[in-house]
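2 protein chains.
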Amino acid sequence: MLLVKKFGGSSLANNNLIFNAAKKIIADYKKKNKIVVVVSAQGNTTDELILKAQEINLSPAKRELDMFLVTGEIQSACLTAMAIHKLGYPAVSLNAFQAEILGLNNYGNSRIKKINPERILNELEKNNIVIITGFQAINFYNDFVTLGRGGSDTSAVALAAILNADLCEIYTDVDGIYTADPRIIKGAKKIKKINYDEMLELASLGTVVLHNRSVELAKKYNIKLVVKSSFNDNSGSLIGDEKMEGSLINGVAIDKNVAVISVIGLEDEPGMVFKLFALLSRKNICVDLIIQSIGRQNTKDISFTVAREFLNETVEMLKKNIDFFRYDHLIFDKTVAKLSVVGTGIASNPKISMMMFEAIYNQGINIKMISTSEIKISILIDEKEIESAANAVHKNLLENEIG
Amino acid sequence: MLLVKKFGGSSLANNNLIFNAAKKIIADYKKKNKIVVVVSAQGNTTDELILKAQEINLSPAKRELDMFLVTGEIQSACLTAMAIHKLGYPAVSLNAFQAEILGLNNYGNSRIKKINPERILNELEKNNIVIITGFQAINFYNDFVTLGRGGSDTSAVALAAILNADLCEIYTDVDGIYTADPRIIKGAKKIKKINYDEMLELASLGTVVLHNRSVELAKKYNIKLVVKSSFNDNSGSLIGDEKMEGSLINGVAIDKNVAVISVIGLEDEPGMVFKLFALLSRKNICVDLIIQSIGRQNTKDISFTVAREFLNETVEMLKKNIDFFRYDHLIFDKTVAKLSVVGTGIASNPKISMMMFEAIYNQGINIKMISTSEIKISILIDEKEIESAANAVHKNLLENEIG
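For the record, the sequence lines run as chains A and B.
The working numbering numbers the first residue of the first sequence as 1 and each following residue consecutively.
The working numbering numbers the first residue of the second sequence as 1 and each following residue consecutively.
Check before you lean on any hint, since a few could be wrong.
All copies of an identical chain are treated as equivalent in the list; a pair is satisfied when it fits inside any one copy or across any two copies.
Mimicking DSSO-like on lysine-lysine, the simulated pairs with C-alpha atoms at most 27 Å apart in a straight line are [what the hints assert, rightly or not]:
no.	residue 1	residue 2
1	K351	K30
2	K192	K52
3	K275	K368
4	K114	K256
5	K283	K86
By construction, these hints were calculated from the structure, which means they are not laboratory data.
Computed from a predicted structure; not experimentally measured.
Make the full structure from the sequences, and use the hints.
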């Protein structure tokens, strides 16, 4: 078997944990498996490096920041290899340049374009355990680029795809994927199996956040993903294309990193909305929920949400282009949060949305926006009320038997 | 003018010092110079990284250690670029892979083989200040290799050579090169000019240690080197091919990292000595002083010095090969130190060696080995006596007027 094993920062945060990971790797290697390991930077290294860069320059050039940040993964890859050596097994660390992981040019938020697997295959052929730096790629200019937060998951799945791996294991600090965050919701339960689309709709389930691109890639190449703890031997959660067996609802997720912007009185002219979101897209600002309502006198109002760190940039960009878009004014708010319910049963069972809104209503909570898809319902509410809302919805939908 | 400016770790040890370096760089950039900067890792980063690796594995594989260590220079290059940006000037950092600094394969102690300057020239063409990581190269396998201690000086000189730079400035934490270590010898004076050969004979003069390879390269390509402080605007010391103007003696240097090994009763057969040192050379063990004395009954005794960290390895290797070399026994000692006097006047002025030995004799110090060249006299004495010996020799030779 060829296994790709990805260890997150919390699973490598100190020397003991690095040896713990090394032992898990070796245990599988001894069973005659070929092993490719993908590592994140240790613990909070990436955040610490960002702070260190910001002490020098509050807005460091993204190119320089990327080259600075990739040292975190290079270091943890080397240390993991050294630990495996110490335990008496062969290992070699490869960074993105050595592993020929090629990415798009954009700094800070690149994507993997291609992987030339010759070196990796060559090292596997020599019976080496191959430790590869996650989160990084090399662009056209031979510069290091990073893949955005959680990008190491994407590195692992991309490698699993190119190497035709039998399994891609994502090691983290919790037992698997939960129906909700167990720190907030007592009744949260571990999910044994979930399919790609459901996971995509709910990138964050429980406390595990899987980068959406990693799940998209896993779906595209049909890579079985297992999310499990590096601190015990529990079985974890499987993400695959299996039909779901149990509940119609997979889970309830909270996202507090949300800001909402309303563009009021936008000119009602074909293409205006396209131009608005094209502008945001060019700046790599991801828009999440979008609601368009009819305004007055040939105008319309558009509300949308972005991650909070993009609020200022988005507002400034809209203000700069007021003459182009000819809107009346902007309203924006950082004190909102998003609550989502995901499950394949949603489209076929109107009872689910009813039970969700009932739970919210019983709490006396006001809903600001609603967005639905085949397998997801998301609502935007006041941040202060998100935890009581999540508990109520989880209790109503997942702690009672429905469907 | 094209300037190469190299900043050592002590000149970049914290954010203030990084900005201090950035200002010096910008000052020259504003005078319409093209600037290539070579940086070491910040402060004691390299030592700290070595300790961190050794916590995982006391003898980390050299390949992994090299890849681990180069992150120190990558980080300081990025931070320096970010500081220059903050001050409003354009800069770009390049690591060995981006700058195409190609080295020999051997890990831990590589040499620069070739530099492809296209990318660097391209960035200079775009009016960027180019910040390049010192101490590192890429080998045939696309692995990072390090150039040995002090290797950043070599990186700087090699870049100055390939770019045909007008000057290569080595910034450090002292004003320049001194006739002796001012912490030990009160009468030590700054040297204004010294030529390559003298500097080569005395890689360490004062407290400045210039990597010998960097001086060899500077000599080969006739690169003017200036060693100066990054903490003030004093003029520093110039290393070039100028004829010396002042004293016949340049300085007195102490080397405590010395161990002496004597091979007693070595078979007196042609090629034996060659084979002995060929064996050490293959293991990358540098031998410094060598003395061969005639033994008895067709045997000879050979004494030589190595850096202390190589003593055990050297002794073990000799013991393992006792049947091949057919010597009688070994004597070795770690408690010795080397005192050297360097100056172009030595060969032409017998008074100098006389005055050196006189000073040592007056201190009642026993000399264990003597080695001389055209421009250097080195003696090996007990480590405990090295400071009093150095003071006495410096006083007799450099604080009186001779020549």
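(request) Output the numbers, in ascending order, of every earlier hint that fails for this structure. (result) 1, 2, 4
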